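Heads up: the protein sequence lines correspond to chains A and B, in order.
The letter at position 208 of the first sequence is residue 207 when you use numbering that gives the first Met the number 0, and the numbering goes up by one with no holes.
The letter at position 100 of the second sequence is residue 99 when you use numbering that gives the first Met the number 0, and the numbering goes up by one with no holes.
Derived from the structure by calculation, the hints contain no laboratory data.
Note that the structure is predicted; figures quoted are calculated from it, not measured.
Errors might be hidden in some of the hints.
What the hints assert, rightly or not - Chain A regions said to be covered by chain B (calculated; three or more residues, Cβ under 8 angstroms):
id, region
1, 41-49
2, 62-72
3, 77-87
4, 96-104
Said to hold, decoys possible - With a straight-line cut-off of 35 angstroms between C-alpha atoms, the simulated DSBU-like cross-links for lysine-lysine are:
id, chain 1, residue 1, chain 2, residue 2
5, A, K9, B, K424
6, B, K354, B, K380
7, A, K107, B, K458
8, A, K99, B, K469
9, B, K458, B, K264
10, B, K458, A, K99
11, B, K264, B, K44
12, A, K17, A, K229
13, A, K121, B, K458
14, A, K107, B, K276
15, B, K469, A, K121
16, A, K13, A, K229
17, B, K424, B, K279
18, A, K9, A, K191
19, A, K17, A, K4
20, A, K107, B, K469
21, B, K276, A, K99
Said to hold, decoys possible - Across the chosen pairs, the derived CB separations fall in these ranges:
id, chain 1, residue 1, chain 2, residue 2, range
22, A, K13, B, S423, 20 to 30 angstroms
23, A, S226, B, N277, 49 to 59 angstroms
24, B, T421, A, G36, 32 to 42 angstroms
25, A, H56, B, H418, 48 to 58 angstroms
Think of the CB as a built atom: it goes at the ideal place given N, C-alpha and C, for glycine as much as any other residue.
These are the residues of each chain, in order.
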Amino acid sequence: MLVIKDLYAKVEGKDILKGINLTVNAGEVHAIMGPNGSGKSTLANVLAGNTNFEVTHGSITFNGKDIFEMSPDVRAKEGLFLSFQYPVEIPGVSMVNFLKTAVNEHRKYRNEKELSAGDFLKLMREKKAMVQIDSQLTNRSVNEGFSGGEKKKNEIFQMAMLEPTLAILDETDSGLDIDALRIVSNGVNLLKNKNNATILVTHYQRLLDYIVPDFVHVLYEGRIVKSAGKELAFELEEKGYDWIKKELGE
Amino acid sequence: MEDQNKLIHEVTQRDYRFGFVSDIETDTIVKGLNEEVIRIISAKKDEPEFMLEFRLKAYRRWLTMKMPEWAQLKVPVIDYQEIIFYAAPTQQAKYESLNEVDPELLRTFEKLGIPLEEQKMLSGVAVDAVIDSVSVKTTFKETLAERGIIFCSFSEAVKHHPDLIQKYLGMAVPYNDNYFAALNSAVFSDGSFVYIPKGTRCPMELSTYFRINAQNTGQFERTLVIADDDSYVSYLEGCTAPMRDENQLHAAVVEIIALDRAEVKYSTVQNWYPGDKNGKGGIFNFVTKRGICKGVASKIFWNQVETGSAITWKYPSCILMGDNSVAEFNSVALTNNHQQADTGTKMIHIGKNTKSTIVSKGISAGHSSNSYRGLVRVAPKAENARNYSQCDSLLLGDTCGAHTFPYIEVGNSSSIIEHEATTSKIGEDQIFYCNQRGISTEDAIGMIVNGYAREVINKLPMEFAVEAQKLLQISLEGSVG
Ligand SMILES: Nc1ncnc2c1ncn2[C@@H]1O[C@H](COP(=O)(O)OP(=O)(O)OP(=O)(O)O)[C@@H](O)[C@H]1O
Ligand SMILES: [Mg+2]
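Just chain B, with the same shape it has in the complex (with noise of 0.2 angstroms):
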């Protein structure tokens, strides 16, 4: 046993690959948070007043306010007044070609293995690529626009669509929902929005690549995603992050509101630098991520594998209004070495008939935590609601621990909810059944890592899966002896 742990202790000692901080000119103001800066931000934003109002309501809750503490999670003390919260690349200029971007930034796209010009050409994705703070590339869009599918930064959403923004802004997660979504609303910097119009399916991906850039910048991103009615759109968001020793906070917010029959698939492959072997550095994870079936039948999943981040406080949830409308969460959380994970979903069931679904899979190494945390909730008028949850935890070696915190509240006698767990290890007699077999025990585990997540990453997209299968066997291989 002992050498067992030891092997998958060796194993899992692997650097972070994308760890490199590209050298482009940011443009940043002072660090700090106060009334002053928001108004900066909002300003240097060219934001109309509605905005300035909300970001400044939002502020003033926050400030009443205390950072959860429930979570299974030790979070060091958080110095805002340390922080800067606003970068963006000083070049800003929107461009006709990628001749024009600055090459050190395609370059930092390349060694993420995700040159942007292969990506316009042969996977038919249109990528608004979110360096730091500010949208510096926007491809696809006239092909979009000719179905009046609006897919921009949402600081251009501001500009163009305030309409749009005044009425979905806080629907899905409000300015108050929690402290690290009041700060969001606060300060956010940029980020996507999607308009899917009546009756329209979305021809092809939309994808995000978040790079988290400029020293000790706080990241803030704003994503809202409308489906209008019998719509249909996939959104794909993927992020790597540079490697660096401060701890940098993110508090991201993503909004879904799902009308009438709609559906919307969203995906994420989250690879943020976790801190070394020792548990030094990494990025603080907080975000808010919640859709609402808004309208009847109308369907929301979240899919998701994740293996970054050094602190992860994360749900995913849906609130099911529509009668008959259906959610799902398919998630795979990885942490190694000193990462912790809190994450989980809330399926809240309003409507009759509605239905949903959760898949969580869980895979600790190391000396990391991973918690699952997920509440099913059913109204009394919800008739007929059904739940299915499945919750499964996979160690690796020892050292590790894995927590499940299933919440159950239904409100009435006509619903079913079930609920089923398992926790399991990776034997050392299948790595040696890989090992016997000519196969190495990085890669074997990697392949029963995979084998255990691959009904999640079955619902990912096709370039997607590819990737997060990587990313799997990446964040668990080590140099073996």
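Same shape as in the complex, but just chain A (with noise of 0.2 angstroms):
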């Protein structure tokens, strides 16, 4: 589904991605954890179309396609999803409005009939239900004066609007207070099917107990050090970065 093949990218003017290689295929979950700085938000911007992140080499394949013969929506209607680190507020323009117009243009992209204002209203509901999102939220303009935990809350609610193929959540759990990070997750494997991925951003072990990884990858300084099944993660919870960093030979 996605594969990422010597992937350097800069900002302003620089380096910080220096050769990913990363291949994830459908119905797997991936959690790429690393320090503070490493690349990790840089790599998800990169992937959904930022073009504040310069791609200076290498090559990515989604869906079997160039993804940079796309367009940041294209690569959203193709089934790219981003929860954002720190997702920005839209003051004056309604969640309805939003995502009615967004879910709306996914559809147009593949050739299926806009949903009438009824049946939008349903499928709002229903996944409302799903992450537990308040309507107080999703009737209040888009982030706007939400709290941190609310404007995750409100990513996974839109990542369940959208149904994508590939969805990619950048620290999601921070923030998310326990019960939350709990329902939050809940979503996130009701959602995950054989047909779809994920890649997971944490610094936490702690969201690997609720969504089970596949892969557990290190990014370190702008590079993949190391890759491994699960166990990976409370390795790194037990004793940091350092022994990748002195296995590094720093």
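Two independent chains are provided; combine them into the complex using the hints.
This is the structure in structure tokens:
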């Protein structure tokens, strides 16, 4: 589904990603861990097509297509979803209007009929229940005045609405309280099936108790320096990153 | 950032959708302006003597006046001798049904998405359609007449209700008020007249669609709305103009008189040809709009969404004379490409306990310049006057300009004046967030701009609000590569 080969990217003239290789197949869950500033969000943004990040080398194919040929909205409609580490506020734009536009753009892209207002609201009710998000939030402007945790929950609500084939969750667990973490994880698990895949960016093994990864990768200084099964997360939780740095001879 | 600018640049390049010229035979007089021309206009319209005098008085005054230069506008020299001051469709008969109307004219309305027939049947809106200078179609007149409401073209009002015209014409905007008001007073061709009798609530929105149509013809509309004691009316003014190369002068005057406890809501959606991407062509719009809250507890609301014209010079204002009177100005002004707008309002508090609210939302894109100019004046006797002003500017890209010029003059200490101003940019992070949800940049900008303007759009009557939203989006849309 996703094949990243020897990816280099920079921001503001500074090299951040320095040769990423990663393959994600349908049905898999990949966790990406790594110290602050190692390039995890950069990778997520490059995948989503944020033009602040300049790709200098390498290739990415998504669903067999060259991802660099697709604008960010086309990538989204091809099924790529990014749950932002820092979701932005859009004052004056209601969640309902925003999501209705988003959902119908996805449908148009797939040559499906746009949803009627009634059907849309029904879909929204269903998905709201799934992530247990308060109607008070979905009646407001997009993320405006939402608490940190509410914003994260809202990201997963949007994911539920759009049902992506590849979901990249950038530190969705940060800021969620204990109950919310369980609810949100449960929602992500419900959305999982053999045709879609998930990339979890996280600092904590706790999340991986709920959403069990098939692979855990360590991103360090712009490179994936270690990949293993879910047991790697426990090791990192216990020992931190120093031993990896030592292994690398630093 | 450069990418962002490029994107916004691309998105904001779109040709004017309503650019077409309809082929209607037009009866025009020779171009140029002098007393003889004014006499011809008055004679063609078969006007009573007092109207001719009003026109000549205004003309003589205009000759002594100079074009105002204080606005944040670059206005090319206007040669008044090159302008044709009167044009009317030759087909001037009164129509019993739409079948009798020039089909070309009907097609024009259709292209604008406002087929008269549909308007008549669906929206319950009485339409006084002004093509160029003379009203060609008035509907719903009878329903209104039953209630004693007068809604007709200005020329008809001059003929049938000269007493009302004589009493109120120039009350809110005197013939010598300013350069463009004087010009309008001298040469105005037609417009709308509304009178709502005492204690009457007008049962439908009154609406006029203006079109500027004949080549090289200045437009000088005159509108007068009178709401007698305890009456209510909501008036809609909406316009689109066909594309052309030569600049066109438009200098309208709108006067509103609200008597005791009367309430007038005047809503405008304005979409005149703004000129092309390079600033060529487009309408010059110099308008004087003013209402007088003459009676106690009277109310006047100006609501407007403006996206058109190459140059806009416009300050819908209110004089709050009656004690406890209320006035509001709610405005969205969008400029793109090389458009220039210097707009705002004046709130003049004279009566006690008067209250005014100003909400101005400027949106600038391209190389445009968008200025808000607002005056709040409280007379010494206007005890406990209150004003709240909020002026927001939204910038798309960094080649456009937004300016705010608030003037506050307070003559007593019991009044409270509040002013808030913000300037914001559409963030690329906001656009990217929308993109990531599958929404194109074009739609994202439309959505964000509409969100920003929502507070004002919500004040518009329903059908106008929908149109206004589309207009904001269309005015910023472009062909993204
Ligand atoms: N817009 C930007 N301008 C300048 N530097 C940036 C920008 N975005 C990211 N960086 C830099 O790139 C590096 C990688 O950042 P990134 O956000 O990808 O890290 P991360 O692995 O997600 O970290 P964290 O765990 O703290 O979220 C950091 O040094 C960061 O300061
Ligand atoms: Mg990060």
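Quick rundown of the hints versus the structure:
Only when three residues or more bring their CB closer than 8 angstroms to a CB of chain B does the claim for the region 41-49 of chain A stand; here the count is 3, and the claim holds. Counting residues of the region 62-72 of chain A whose beta-carbon sits less than 8 angstroms from any beta-carbon of chain B gives 3, enough to reach three: the coverage restraint holds. Counting residues of the region 77-87 of chain A whose CB falls under 8 angstroms from any CB of chain B gives 5; the rule of at least 3 is met. Counting residues of the region 96-104 of chain A whose beta-carbon sits less than 8 angstroms from any beta-carbon of chain B gives 6, enough to reach three: the coverage restraint holds.
Distance check on the hinted pair: K9 of chain A and K424 of chain B sit about 25 angstroms apart at the alpha-carbon level, within 35 angstroms; holds. Distance restraint check for K354 of chain B and K380 of chain B: the Cα-Cα separation of roughly 14 angstroms lies within the 35 angstroms cut-off, and the hinted pair is therefore satisfied. Restraint check: the Cα-Cα separation between K107 of chain A and K458 of chain B comes to about 32 angstroms, which is no more than 35 angstroms; the hinted pair holds. For the hint pairing K99 of chain A with K469 of chain B, the CA-to-CA distance comes to about 17 angstroms; that is within 35 angstroms, so the pair holds.
Between the alpha carbons of K458 of chain B and K264 of chain B the distance comes to roughly 10 angstroms, so the proposed pair stays at or under 35 angstroms and holds. Simply put, K458 of chain B and K99 of chain A have alpha-carbon atoms about 24 angstroms apart, close enough for the 35 angstroms limit, and the pair holds. Taking the CA atoms of K264 of chain B and K44 of chain B, the gap is about 30 angstroms. The hint holds against a cut of 35 angstroms. Between the alpha carbons of K17 of chain A and K229 of chain A the distance comes to roughly 25 angstroms, so the proposed pair stays at or under 35 angstroms and holds.
For the given pair, K121 of chain A sits about 29 angstroms from K458 of chain B by alpha-carbon distance, which is consistent with the 35 angstroms threshold. A threshold of 35 angstroms between alpha carbons decides the hint, and for K107 of chain A with K276 of chain B the separation of about 31 angstroms falls inside it, so the pair holds. Restraint check for K469 of chain B and K121 of chain A: satisfied, since their Cα atoms lie roughly 26 angstroms apart, inside the 35 angstroms limit. Proposed proximity of K13 of chain A and K229 of chain A is supported: the alpha carbons are some 32 angstroms apart, at most 35 angstroms.
This hinted pair checks out: K424 of chain B and K279 of chain B have alpha carbons roughly 27 angstroms apart, not beyond 35 angstroms. At roughly 32 angstroms between alpha-carbon atoms, K9 of chain A and K191 of chain A fall within 35 angstroms of each other, so this suggested pair holds. With a CA separation close to 11 angstroms, the supplied pair K17 of chain A and K4 of chain A stays within the 35 angstroms bound. Taking the CA atoms of K107 of chain A and K469 of chain B, the gap is about 20 angstroms. The hint holds against a cut of 35 angstroms.
With a C-alpha separation of about 32 angstroms, the suggested pair K276 of chain B and K99 of chain A falls inside the 35 angstroms cut-off, and the hint holds. Between K13 of chain A and S423 of chain B the Cβ separation comes to about 28 angstroms, which falls inside the hinted range of 20 to 30 angstroms. Take S226 of chain A and N277 of chain B: their Cβ atoms lie about 56 angstroms apart, and the range 49 to 59 angstroms holds. Here the CB-CB span from T421 of chain B to G36 of chain A is close to 34 angstroms, well matched to the stated 32 to 42 angstroms.
The hinted range of 48 to 58 angstroms is satisfied by H56 of chain A and H418 of chain B, whose Cβ atoms lie roughly 54 angstroms apart.
In this structure, none of the earlier numbered hints is contradicted; all agree with it.
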